[in-house]
Amino acid sequence: MRNEEKLNSGEVAIEIIGLTKTYKDKKNGDKVAVDGIDLKVFRNEIFAILGPNGAGKTTTVEILEGYRDRDSGQVSVLGVDPSQLSAQDRSWRNRIGIVLQSTEDAADLTVSESVNHFAHYYSNPKNPAEVIDEVGLSDKANSRIRTLSGGQRRRLDVALGIIGGPEILFLDEPTTGFDPEARRSFWELIRKLQSEGTTIVLTTHYLDEAEALADRVAVINEGKIMEISTPENLGGRNEAKARVSYLRNGVREVVITDTPTRAVYELSEEFDGEIPELIVSRPTLEDIYLSMIKSQENK
Amino acid sequence: MTTNLMHAGFAKNPSVLRVGVLRGGIEIKQFLRQRESVVFTLLFPVMLLFIFGSVFKDTIAPGVTFSRYFVAGMIASGLVNTGFQQLAITIPMERDFGTLKRLRGIPMSPVSYFIGKVILVTVSMLVQVGMLLAFGTLFFGLKLPTSTELWLRFTWLVIVGSISSTILGIAFSSIPKSGRGASAVVSPIVIVLQFFSGVFFVFSSLPKWMQDFAAIFPLKWLTQGMRSVFLPNSFAVREVAHSWELGKTFLVLVIWIIVGTIWALRSFKWSDK
Chain F
442 MRNEEKLNSG EVAIEIIGLT KTYKDKKNGD KVAVDGIDLK VFRNEIFAIL
492 GPNGAGKTTT VEILEGYRDR DSGQVSVLGV DPSQLSAQDR SWRNRIGIVL
542 QSTEDAADLT VSESVNHFAH YYSNPKNPAE VIDEVGLSDK ANSRIRTLSG
592 GQRRRLDVAL GIIGGPEILF LDEPTTGFDP EARRSFWELI RKLQSEGTTI
642 VLTTHYLDEA EALADRVAVI NEGKIMEIST PENLGGRNEA KARVSYLRNG
692 VREVVITDTP TRAVYELSEE FDGEIPELIV SRPTLEDIYL SMIKSQENK
Chain G
44 MTTNLMHAGF AKNPSVLRVG VLRGGIEIKQ FLRQRESVVF TLLFPVMLLF
94 IFGSVFKDTI APGVTFSRYF VAGMIASGLV NTGFQQLAIT IPMERDFGTL
144 KRLRGIPMSP VSYFIGKVIL VTVSMLVQVG MLLAFGTLFF GLKLPTSTEL
194 WLRFTWLVIV GSISSTILGI AFSSIPKSGR GASAVVSPIV IVLQFFSGVF
244 FVFSSLPKWM QDFAAIFPLK WLTQGMRSVF LPNSFAVREV AHSWELGKTF
294 LVLVIWIIVG TIWALRSFKW SDK
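Line by line, the protein sequences are chains F and G.
Quick note on our numbering: the first sequence kicks off at 442 and runs consecutively.
Quick note on our numbering: the second sequence kicks off at 44 and runs consecutively.
Keep in mind that the hints were calculated from the coordinates and are not lab data.
Remember, predicted model here, so these are calculated numbers, not experimental data.
A virtual CB, placed ideally from N, CA and C, is assigned to each residue, including glycine.
Do not rely on the hints blindly, as some may be mistaken.
Just some of the chain G residues that point at chain F, by a computed CB distance under 7 angstroms [what the hints assert, rightly or not]:
#1 56
#2 58
#3 71
#4 102
#5 224
The calculated lysine-lysine pairs, modelled on DSS-like cross-linking and capped at a C-alpha distance of 27 angstroms, are [what the hints assert, rightly or not]:
#6 F/633 x F/472
#7 F/467 x G/312
#8 F/465 x G/251
#9 F/665 x F/467
#10 G/72 x G/291
#11 F/472 x G/251
#12 G/291 x G/186
#13 G/220 x F/567
#14 F/465 x F/665
#15 F/735 x F/682
#16 F/581 x F/567
#17 F/682 x F/468
#18 F/735 x F/665
#19 G/291 x G/251
#20 F/468 x G/220
#21 G/100 x G/186
#22 G/312 x F/468
#23 G/55 x F/567
#24 F/665 x F/481
#25 G/72 x F/465
#26 F/481 x F/633
#27 G/72 x F/581
#28 F/467 x G/220
#29 F/472 x G/220
#30 F/633 x F/567
#31 G/251 x G/100
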């Protein structure tokens with residue numbers, strides 16, 4: 442999947458051109474949430490939107506989901522402009538799935554009742570029992586929703602998001618508050634949905650999540666796109682210099698180089714074999730991301 | 044791409060009415076599983092009936108004890124509890140919990156949501172009015188009407204009263220700022236209206252300003268209407284207007300239905316942002 446050229450030749454699922462949105466606030470002054478965003482999401486890719494709190498991630502996604510109006514720009518989601526939909530028009534909503542940021546609804550229903558109920562809204566839903574199994578809640582099928590843990594609750598939210606068999610699934614910060622194990626198994630679920638043909642758009646704070654899942658990431662800050670790229674190439678990461686560090690006489694030495702292999706080879710000769718406590722590293726996605734956000738703040 | 048992408052657009056969504064009926068079922072199921080809602084909405088008025096009915100047994104007119112007067116008022120209050128109070132408290136909670144946002148994001152017509160609410164209100168109203176009628180008759184000297192005319196009058200009062208109560212509850216749901224605070228905003232309004240409208244006291248003995256204030260709102264008219272059904276016809280002369288004023292009652296309720304509909308259409312909020 443991780444192939445930008447292959448993706449670029451693919452069918453467009455979402456296209457945004459020149460999107461802007463300002464929240465009117467008489468007391469504190471208007472807040473520009475989205476300030477001219479352009480992006481495309483291709484069919485069957487996992488597209489991550491990264492950015493600090495208040496960067497405009499949720500606003501952008503909520504405009505795509507048809508929850509919010511925009512001020513200007515063009516938006517197409519599966520060929521439809523969400524702002525042009527009437528409340529009675531249900532065919533487009535059949536084709537998208539939404540996993541909201543936080544929900545506490547239907548606490549008194551069981552998992553099974555809830556998923557079965559939501560299946561009734563769609564023209565061609567998936568099998569509820571299979572969906573419950575797919576998100577790993579079979580053991581909890583007959584438990585009241587209020588008894589679920591945070592991670593289980595989010596899995597139920599995903600089940601409700603995919604019960605209609607959506608072509609696009611939107612996930613807004615899906616793994617906030619998960620323990621590492623729950624996060625890993627959640628990622629597996631998202632990959633499985635992709636393998637079944639779903640296009641996935643997710644917002645996240647977690648760089649490791651974007652790196653593990655996304656085919657491409659968009660970094661948004663202060664309502665603007667800073668870069669759209671694969672996680673490997675973001676911010677010129679693939680071309681960034683490597684860092685070779687080791688101990689010499691008990692003191693850590695660092696070499697920053699374009700040719701780490703040569704550096705290690707030379708050091709190996711010098712030490713006559715093993716280099717003490719050798720570490721070769723490249724900037725992590727987090728390093729790149731933080732330097733991007735910081736460089737904009739300094740402007 | 045797999046086959047699950049292929050089906051979109053081929054099958055039809057279930058009808059708005061069918062989804063509305065399904066929502067009604069799920070609303071009732073959730074209602075019955077929330078102990079607070081069962082106690083607060085259904086049992087509380089019955090408890091009040093027992094407390095007031097047992098304490099105030101004075102005769103206020105020939106053949107009319109206060110408890111009988113009170114039961115008529117509580118039946119009118121039942122329409123306000125199950126419609127206005129229930130919806131004005133639970134809809135803001137649904138907004139806080141994300142229920143409304145989720146429903147807005149799925150292929151459901153908003154009409155289906157309101158059909159579900161109407162079913163919930165209707166069922167809880169019928170249960171509540173049924174219990175009040177049963178306990179009132181068994182313990183507090185309530186006499187069920189014997190003529191068809193009075194039953195028909197009771198029926199239209201219940202229907203028109205419930206419609207206005209439901210619509211005003213939906214309209215008012217935009218006022219509480221949070222789900223948690225909704226009950227603190229709504230309950231006092233209902234209790235004050237009950238005091239002013241002749242539920243807890245005999246209406247004709249209240250100060251004039253209180254009577255005038257209560258006459259703006261539906262509850263006063265509903266209690267008076269219920270008295271016309273459950274008290275002897277001779278009691279009419281003891282009303283403030285010396286008559287049951289049924290035509291005026293109908294008019295006031297219909298005006299509130301129109302006002303409430305316009306208000307609800309303009310103000311209903313699916314999310315708090």
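Exercise for the section: Any hints from earlier that this structure breaks? Give me their numbers in increasing order, please. Expected result: Hints 2, 3, 4, 5, 6, 8, 10, 11, 13, 17, 25 not satisfied by this model.
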